[in-house]
Amino acid sequence: DAGITQSPRHKVTETGTPVTLRCHQTENHRYMYWYRQDPGHGLRLIHYSYGVKDTDKGEVSDGYSVSRSKTEDFLLTLESATSSQTSVYFCAIATGALYEQYFGPGTRLTVT
Amino acid sequence: EDQVTQSPEALRLQEGESSSLNCSYTVSGLRGLFWYRQDPGKGPEFLFTLYSAGEEKEKERLKATLTKKESFLHITAPKPEDSATYLCAVQFTSWGKLQFGAGTQVVVTP
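Protein sequence lines, in the order shown, are assigned to chains V and E. If you use my numbering, the first sequence corresponds to residues 14 to 125, in order. If you use my numbering, the second sequence corresponds to residues 810 to 919, in order.
No wet-lab data here; the hints were simulated from the structure. Hints are not guaranteed to be accurate.
DEER-style ranges, computed between Cβ atoms [what the hints assert, rightly or not]:
#, chain 1, residue 1, chain 2, residue 2, range
1, V, Tyr63, E, His883, 31 to 37 Å
2, E, Asp848, V, Thr123, 33 to 39 Å
3, E, Thr902, V, Glu85, 20 to 26 Å
4, V, Gly64, E, Lys888, 38 to 44 Å
5, V, Thr18, E, Pro849, 18 to 24 Å
6, V, Ser93, E, Glu869, 32 to 38 Å
7, V, Thr125, E, Glu864, 45 to 51 Å
8, E, Arg870, V, Glu72, 29 to 35 Å
9, E, Gly838, V, Gly64, 43 to 49 Å
All figures in this text were calculated on a predicted structure; none of them were measured in a lab. Beta carbons: idealized from backbone N, C-alpha and C, even for Gly.
Taking the hints into account, I'd like the entire structure generated from these sequences.
Following this line, the structure appears as structure tokens:
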């Protein structure tokens, strides 16, 4: 258990509304990541962070933004949710010399 | 384009029937290969990291091996509790970016 929590765990929202997902860690890890998981696509990286206020894009970043104002919290925001953003979202932290990643429990987001 | 391919997509085993899962990759400059287990409705659970060709890691009934272009996850005498989706991921940058395969869904029946 890498001390990662995600909130909310489930959310249903309407197209066009903003949504923020939160990832919280308790062990002061520098690197944090947001992924989405969809059938047929596996896990894909959305954004990652390598420190407070230091973030960068992953392979599927369009329509998403992130913020990290504290080491322990990494927020993922969908500025205007679309049905294509219906997915399961996982947060991860990296630890060790090879950046082994440990995942949170996930947030299931449905955009109607 | 860097790719990670897992096979088979699904595997149904009888309890005690050993088998192997494959993960092949075309990534250049591999820094590490990772295996995860994922149960329905949960996040991936870290199993193994492999660094270099010839390396092997074991955990209970699972053994992971690595060659220059592929990795195998061997499941020896599986039990129903080994039923899960097994994910493979490769790392090819210095900051931990992982490229995941689509996974192999394993079902072990009593």
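Hints, verified against the model:
Evaluation of the 31 to 37 Å hint for V:Tyr63 and E:His883 yields a pass: the beta carbon distance comes to about 35 Å. One distance hint, 33 to 39 Å for the beta-carbon pair E:Asp848 and V:Thr123, is violated here, with the actual separation near 21 Å. The hinted window of 20 to 26 Å between E:Thr902 and V:Glu85 holds, with their beta carbons roughly 24 Å apart. Taking the beta carbon of each, V:Gly64 and E:Lys888 are about 43 Å apart, inside 38 to 44 Å as hinted.
The hinted window of 18 to 24 Å between V:Thr18 and E:Pro849 holds, with their beta carbons roughly 20 Å apart. The supplied range of 32 to 38 Å is broken by V:Ser93 and E:Glu869, whose beta-carbon atoms lie about 46 Å from each other. Evaluation of the 45 to 51 Å hint for V:Thr125 and E:Glu864 yields a pass: the beta carbon distance comes to about 47 Å. For E:Arg870 and V:Glu72, the hinted distance range of 29 to 35 Å is satisfied, since their beta carbons lie about 34 Å from each other.
For the hinted restraint 43 to 49 Å between E:Gly838 and V:Gly64, the CB-CB distance of approximately 24 Å leaves it violated.
Consistency note: the structure conflicts with the earlier hints numbered 2, 6 and 9.
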